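Student: Chains as they are written, first to last, in my numbering: chain A, 1 to 593; chain B, 1001 to 1454; chain C, 2001 to 2207.
Don't read these hints as lab results, they were simulated from the structure.
Being a predicted model, the structure only gives us computed values, none of them experimental.
Heads up, some of the hints might be wrong.
[What the hints assert, rightly or not] Cut-off 35 Å, straight-line C-alpha distance, at most; resulting in silico cross-link-like pairs (DSBU-like, lysine-lysine):
#: 1; chain 1: C; residue 1: LYS2105; chain 2: C; residue 2: LYS2178
#: 2; chain 1: A; residue 1: LYS563; chain 2: C; residue 2: LYS2010
#: 3; chain 1: B; residue 1: LYS1080; chain 2: A; residue 2: LYS563
#: 4; chain 1: A; residue 1: LYS546; chain 2: A; residue 2: LYS563
#: 5; chain 1: A; residue 1: LYS563; chain 2: B; residue 2: LYS1073
#: 6; chain 1: B; residue 1: LYS1080; chain 2: C; residue 2: LYS2010
#: 7; chain 1: A; residue 1: LYS546; chain 2: C; residue 2: LYS2178
#: 8; chain 1: A; residue 1: LYS434; chain 2: A; residue 2: LYS23
#: 9; chain 1: A; residue 1: LYS546; chain 2: C; residue 2: LYS2036
#: 10; chain 1: B; residue 1: LYS1073; chain 2: A; residue 2: LYS584
#: 11; chain 1: B; residue 1: LYS1079; chain 2: A; residue 2: LYS563
#: 12; chain 1: A; residue 1: LYS584; chain 2: A; residue 2: LYS546
#: 13; chain 1: A; residue 1: LYS442; chain 2: A; residue 2: LYS563
#: 14; chain 1: A; residue 1: LYS518; chain 2: A; residue 2: LYS434
#: 15; chain 1: B; residue 1: LYS1073; chain 2: A; residue 2: LYS518
#: 16; chain 1: A; residue 1: LYS584; chain 2: A; residue 2: LYS442
#: 17; chain 1: B; residue 1: LYS1073; chain 2: A; residue 2: LYS546
#: 18; chain 1: C; residue 1: LYS2010; chain 2: B; residue 2: LYS1079
#: 19; chain 1: A; residue 1: LYS518; chain 2: A; residue 2: LYS563
#: 20; chain 1: B; residue 1: LYS1073; chain 2: C; residue 2: LYS2010
#: 21; chain 1: A; residue 1: LYS546; chain 2: A; residue 2: LYS23
#: 22; chain 1: A; residue 1: LYS518; chain 2: A; residue 2: LYS23
#: 23; chain 1: A; residue 1: LYS584; chain 2: B; residue 2: LYS1080
#: 24; chain 1: A; residue 1: LYS434; chain 2: B; residue 2: LYS1073
#: 25; chain 1: A; residue 1: LYS563; chain 2: A; residue 2: LYS434
#: 26; chain 1: A; residue 1: LYS23; chain 2: C; residue 2: LYS2178
#: 27; chain 1: B; residue 1: LYS1395; chain 2: A; residue 2: LYS235
#: 28; chain 1: A; residue 1: LYS546; chain 2: C; residue 2: LYS2010
#: 29; chain 1: A; residue 1: LYS584; chain 2: A; residue 2: LYS563
#: 30; chain 1: C; residue 1: LYS2178; chain 2: A; residue 2: LYS584
#: 31; chain 1: C; residue 1: LYS2036; chain 2: C; residue 2: LYS2105
#: 32; chain 1: C; residue 1: LYS2036; chain 2: A; residue 2: LYS23
#: 33; chain 1: A; residue 1: LYS584; chain 2: B; residue 2: LYS1079
#: 34; chain 1: A; residue 1: LYS442; chain 2: B; residue 2: LYS1073
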Amino acid sequence: MTTYIPLADQPSELHDPHTFIAKYVWSQDHKVIAIQYGSTAVFVGLIALVLSGLMRLQLGYPGTFAFIDPSDYYQFVTMHGMIMVIYLLTALFLGGFGNYLIPLQIGARDMVFPYLNMLSYWFYLLSVIILLASFFVHGGPTGAGWTLYPPQAILRGTPGADMGIILMLLSLAVFIVAFTMGGLNYVTTVLQARTHGMTLMRMPLAVWGIFVATILGLFAFPALFVSAIMMTFDKLIGTSFFMPAVTSLGTNLENSGGSPILFQHLFWFFGHPEVYIVALPAFGLVSDVLSTHARKNIFGYRMMVWAIVAIGALSFIVWAHHMYVSGMNPYFGFFFAFTTLIIAVPTAIKVYNWVLTLWHGNIRMTVPMLFAMGFIFTFIHGGLTGIFLGNVTVDLPLSDTYFVVAHFHMVMGVSPVMVLFAAIYHWFPKMSGKMFNVTLGKIHFWATFLGTYAIYLPMHYLGLLGVPRRYFAIGTTDFIPESAQQLNANITQAALFVGVMQLVFIFNIIYSLARGPKADGNPWEATSLEWQTPDTPPHHGNWGEKLPVVYRWAYEYSVPGVKADFVPQNIPPEEVEMLPGAGKYVDRSEVHG
Amino acid sequence: MPFIIAIVLLVIASVALHLLSPWYMTPIASNWQSIDNTIDITFWVTGFVFVTVNLFMAYAVYRFRYRRDRRAKYEPENKKLEAWLTVATSVGVAAMLAPGLFVWADFVEVPQDAHEVEAIGQQWQWSFRYPGADGVMGAADARFVTAENPFGMDEDDPAGRDDILVSAQEMHLPVNRPVKMLLRSKDVLHDFAVAQFRVKMDLVPGSVTYMWLTPTLIGSYDILCEELCGLGHFVMRGVVVVDDEATYNSWLATQPTYAQTLAQADGDPAQGQPSYAVCAACHGVNGEGNVALNAPKLAGQEDWYLRRQLNYFKTGVRGTHADDVYGAQMRPMAGTLATDDMVANVAAYIAAMPDMPAPDTITGDIANGQALFEPTCGVCHSERGEGIWAVNAPKLAGMSDWYLVRQLQNFKSGVRGVHPDDEYGFQMTSMVQALADDSAINDVVAYINTLDAQ
Amino acid sequence: MNPLRALFEKPWQRTPQTADGLSVEHSQALEHPPQKTALMFFLGVVGVLFGLFITAYFVRMELDDWRPMPESQLLWINTVLLFFGSVVLQWTHSRLKHGEASSVKAGLLLGGLLTLGFVYGQFAAWQDMRAAGYYMYNNPANSFFYVLTGIHALHMLGGLWVWTRAGIRVWSGTAPEKVGLAVELCAVYWHFLLLVWLVLFALLSYT
Ligand code: HEA
Ligand code: HEA
Ligand code: CUA
Ligand SMILES: [Cu+2]
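Chain A extracted, bound-state conformation:
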């Protein structure tokens, strides 16, 4: 076969689409697709947010809001969890930011398979529609909890056990197809479409995080796919993959021999990596934000990359820490407690390096920076509570209590969401060419940061008391004091407050898009490629005539002797302006190690 020319050297055969439809609807431009992914995700995210508000109303003021009956509640909880984890965060981080940033940050004109990329979005949209459809079928959406444990999930006695669960499984299957199409695209693009000089270790950490998260997704989602298929057959055809012989509300079923635990293993083999699919992109994005606004190179870049890879690898051998009290062979506990706590070490390194990036920095307190540092604080908190749960003995009393709920909200519902906002504010000028309103941004930050902490810090103590999760109402027990109910009410107030304050964000975005002041191409004086595009927002094809050439890593901040406190990746060494008497930039060989 004819010898192959690296993508970066191939002539771009992107022909600008002209019709509106081709440009913005059936678009194959990674930037448009990113926006499509992003806005769809935020839309469902807001639905999930409203659901959480309703849940909080019930929990804070049980009996007051009679329009929420128990079955509604369980459906809300399930949909809330599922939407937030899969349809909001996974889609927004990978489909949204992945799509937007990968080509721009590695200096490509687009994803390598634009058509597949487009398909990916439309499949995602389809899965969302199927998901939302389940709200309107007889019996409503499934109320089996986002973990969908059988036998419960497919038996009468669980809300939505007839149509709801089927639509849920179908929607997930479609989502997985969509993700696989997108994922193959992301990894291939990263591996092959990097421009001249963009070695792996010169990529911004954002790309690294997204890259590794995508690989996790590619290999983790099949587990969900497999369990979804088998459960669908158990439900529809009456097979017994997961169904033992049971009697459901007085009628003995045909099934026999199936293993519910098997489902749990499959689910968590997907489920645990999934939480890092959410976390790793956040790690990456936040690293870039921190470094940029601290005007300092990310500390220990190589360690950061290795940590991402290590965490990714480890996350495949810790899944059963969700099953300590599931009735699986208790001896597994030793192994999984060990591996689980090992993960704390690479994660710790990342935390340290973020903080050390601030050290000796020159920190600009911009809105994205505030959110980024809010992330560090909340992530440390959430991560540390994870250590409690990971330590199998400690998990015995805490499992399935609000301590778990508090843990994963702090570490997933708050910290990555902080990064989400940080990233949105950070890249908004590039995506829209407009600058957002800083005051509104700060209001949004303080409300969300303090508000969410006020929600979840107390929740840990409900958990320590022993308040179980997934309870429509606690009722009266002999060990939960009255004051706990009061606490619940306060948590609800905080939650509603935070929820409402998101409107400030929405308003800020919409207002700035329409009326915001024009932003120039590189408002944060950042080094990475996406800020060096010829036009802002970048046009189809990103780079105009010639692809950029990369001469250095993405963290060339505050280099001694250089005039500016940042050196973009694509400026030829000889063109770097030096301070008088500092010698030539090119000649200066290494500073450190």
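Use these hints to put chains B and C with the ligands onto chain A, whose structure you have.
Tutor: For chains B and C with the ligands alone, coordinates are given in the frame of chain A:
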């Protein structure tokens, strides 16, 4: 600046909350003090990390806040520092993990002298089984479960004969004796959790799971189900009473063995007839009920439900609340049924009566009633309101609708269902919360009226 | 490029010692068509998918109600068909590589037909099983038989879709060299699915 202050304050607040919070683990009542200790160690290590790392960040942000004239330092990495931090962290992790694993080793190894007790879970109630004289549990399986054999006992296994079956929501344990809890489920996943014992474990249908503990404190503690098991998950409650040896044994002696439950003849209608004469005065000869006398229709109701309610009236579980006027009238009547056999016979007699749907007296928004009934009430009382023995939910369709209304009101206002010995009252008092007001109640009952058209 | 060594590059150094001492402007990007990389990852995904099914199979097998199915002779024939299908595709590919475009049409056609034969054969095997009263819900062994063969067949059909598109291009007169990549990818994919099938077949017949 505000950010730095915020971080410092948040750190202080978090620590303060932890030290001062009235919300913490309930006093322990089992041998698992070691678990609490592990938690304390974890709190110390993580607390230290939390405070130092965050304060350090706050300080960094303060010390290196933006100044035009300042420049950040260019330091790509610092191998030594990173190595040290890694080691320190690993030590911290080990300090938490090591003790944890030792305790876990205790937990998985059940002591030899532990006696066995079985907790059986089903949607949404508990029942319990004790091995009986021979000290071994007979075989049992969900596939044997029937109305007559709710425990799913295997008839062919002699070892099961003397097993002691406790169908109430209350179990007893002797203090200071290690017990191995065998956990079995008839339908879906459940979880046997007692906060004061610290340990918990899922019940998995198709297999028997276990956990062990030694109760160390006499008293009674709530059993909560902590694995989502459907609509009634949050009302699946039981009680474990920890007694001294003597009290425990005398309690155990009062519980029927499997053999006895088999021997127990079910009521004989013929013998029930004479005793029913008393009831007939109010409830009518055919048990059709009488609004004027506030006596509900009885005909058509399941005998297991009638038996339970008659006993409730006898023992004062029902009809003792100050505002339960008609219940108070019923108590002495029930009292006339001296023995359990008499109760059984009357119940049998009533159950055998011809069942005519009661006249409709309640009107309401049927559509709304259906919307309220189907997702909630319908699950236990069945979509058609015929009742389901397995969840102890009585028949509703075709019964006196005015009576249903009053009972729903009673459950809502706490006139009925709040007595500690009312086994399933708690479930109803919780579920009626979904009925906002009397009009909602009327709607539901109006819908139930439409169900009796067989 | 050697990925492991690449990970040890010190990117902040002005004159980076990239793994193989390449020039700064070199990006270390992989030097083969992206479709290959994508396929490799996809094979990984499919591998995990079947890997998990097989794991589930073994776990479920241990449980008491497992009744193995009788082996259907048809499967042997199908296996042979698929085997030759992938051999033919491989042959077509290598011929193309040596610039002999003549045999493309024949090769594609034959390989595809053999594969279609395989898929149909699998379907026929289902019919036999059901005729013999082995329904999907009778027993977990049956359930797995239908699911595994079904999923595998679906992947086969996916391959045939690519094959069709390649075919259309050839017959509509595209220069055979241009479909070289498509043919190569098909060949690889076929080998992989053949491998998967052999594993499944062994699993189904020896347990
Ligand atoms: C983004 C998502 C995310 C992340 C990153 C994590 C991170 C971790 N999680 Fe969490 N987790 C969830 C999302 C996440 N989790 C979800 C959604 C659930 C619930 C699912 C459900 O049941 O519905 C869950 C549940 C869950 C459980 C099951 C609890 C139960 O159901 O009983 C466990 C148990 O081991 C656990 C452990 C951990 C651990 C050890 C980490 C570690 O990775 C944390 C590592 C980080 C740190 C440790 C902090 C930083 C480190 C330092 C500051 C250095 C110093 C540290 C030490 C010296 C220790 N998590
Ligand atoms: C990313 C994941 C995520 C997020 C953001 C949230 C956000 C919230 N969650 Fe939830 N939650 C889950 C994931 C998440 N949750 C999961 C997995 C479960 C388990 C389900 C199960 O048990 O099956 C759960 C369960 C759960 C429970 C336990 C219910 C029970 O066990 O009975 C509760 C109770 O208070 C709760 C409350 C809230 C509240 C008040 C919020 C928030 O309102 C708090 C405030 C946070 C914000 C306001 C930021 C949110 C921003 C967005 C959502 C993006 C929207 C888009 C834009 C505005 C850009 N959630
Ligand atoms: Cu039983 Cu929850
Ligand atoms: Cu996990």
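Student: Look at each hint and say if it fits the structure.
Tutor: Each hint, compared with the structure:
1. Restraint check for C/LYS2105 and C/LYS2178: the C-alpha separation of about 13 Å stays at or below 35 Å, so the hint holds.
2. Distance check on the hinted pair: A/LYS563 and C/LYS2010 sit about 24 Å apart at the alpha-carbon level, within 35 Å; holds.
3. Taken as a hint, the B/LYS1080 and A/LYS563 pair is honoured in the structure, with Cα atoms around 30 Å apart against an allowance of 35 Å.
4. Between A/LYS546 and A/LYS563 the CA atoms are separated by roughly 27 Å; this keeps the pair inside 35 Å, and the hint holds.
5. With a CA separation close to 14 Å, the supplied pair A/LYS563 and B/LYS1073 stays within the 35 Å bound.
6. The hinted pair formed by B/LYS1080 and C/LYS2010 meets the criterion: a straight-line CA distance of about 16 Å does not exceed 35 Å.
7. Between A/LYS546 and C/LYS2178 the alpha-carbon distance is near 27 Å, which keeps this suggested pair within the 35 Å criterion.
8. This hinted pair checks out: A/LYS434 and A/LYS23 have alpha carbons roughly 21 Å apart, not beyond 35 Å.
9. Taking the CA atoms of A/LYS546 and C/LYS2036, the gap is about 26 Å. The hint holds against a cut of 35 Å.
10. A threshold of 35 Å between alpha carbons decides the hint, and for B/LYS1073 with A/LYS584 the separation of about 19 Å falls inside it, so the pair holds.
11. Only pairs whose Cα atoms come within 35 Å are accepted, and B/LYS1079 paired with A/LYS563 is accepted, the gap being roughly 28 Å.
12. Our distance criterion of 35 Å between C-alpha atoms is met by A/LYS584 and A/LYS546, whose separation comes to about 27 Å.
13. About 31 Å separates the Cα atoms of A/LYS442 and A/LYS563, which keeps this hinted pair within 35 Å; it holds.
14. Taking the CA atoms of A/LYS518 and A/LYS434, the gap is about 5 Å. The hint holds against a cut of 35 Å.
15. This hinted pair checks out: B/LYS1073 and A/LYS518 have alpha carbons roughly 32 Å apart, not beyond 35 Å.
16. A threshold of 35 Å between alpha carbons decides the hint, and for A/LYS584 with A/LYS442 the separation of about 41 Å lies outside it, so the pair is violated.
17. Our distance criterion of 35 Å between C-alpha atoms is met by B/LYS1073 and A/LYS546, whose separation comes to about 34 Å.
18. This hinted pair checks out: C/LYS2010 and B/LYS1079 have alpha carbons roughly 13 Å apart, not beyond 35 Å.
19. Distance restraint check for A/LYS518 and A/LYS563: the Cα-Cα separation of roughly 26 Å lies within the 35 Å cut-off, and the hinted pair is therefore satisfied.
20. Annotation: proposed proximity of B/LYS1073 to C/LYS2010 holds, straight-line Cα distance about 18 Å (limit 35 Å).
21. The hinted pair formed by A/LYS546 and A/LYS23 meets the criterion: a straight-line CA distance of about 22 Å does not exceed 35 Å.
22. Distance hint between A/LYS518 and A/LYS23 is fulfilled; the C-alpha atoms sit about 23 Å from each other, no more than 35 Å.
23. A threshold of 35 Å between alpha carbons decides the hint, and for A/LYS584 with B/LYS1080 the separation of about 30 Å falls inside it, so the pair holds.
24. Of the supplied pair hints, the one linking A/LYS434 and B/LYS1073 holds, its CA atoms being roughly 31 Å apart against a limit of 35 Å.
25. For the proposed pair A/LYS563 and A/LYS434, the alpha carbon gap of about 28 Å is at most 35 Å, so the pair holds.
26. With a C-alpha separation of about 29 Å, the suggested pair A/LYS23 and C/LYS2178 falls inside the 35 Å cut-off, and the hint holds.
27. Using a Cα cut-off of 35 Å, the hinted pair B/LYS1395 and A/LYS235 holds, with the two alpha carbons roughly 29 Å apart.
28. Distance hint between A/LYS546 and C/LYS2010 is fulfilled; the C-alpha atoms sit about 27 Å from each other, no more than 35 Å.
29. A hinted pair counts as satisfied when its Cα atoms are at most 35 Å apart, and A/LYS584 with A/LYS563 qualifies at roughly 11 Å.
30. Pair hint C/LYS2178 plus A/LYS584 does not hold up; C-alpha atoms about 50 Å apart against a cutoff of 35 Å.
31. Taking the CA atoms of C/LYS2036 and C/LYS2105, the gap is near 22 Å; set against the 35 Å cutoff, the hint holds.
32. Between C/LYS2036 and A/LYS23 the alpha-carbon distance is near 29 Å, which keeps this suggested pair within the 35 Å criterion.
33. The suggested pairing of A/LYS584 with B/LYS1079 holds, with an alpha-carbon distance near 28 Å, which does not exceed 35 Å.
34. Between A/LYS442 and B/LYS1073 the CA atoms are separated by roughly 28 Å; this keeps the pair inside 35 Å, and the hint holds.
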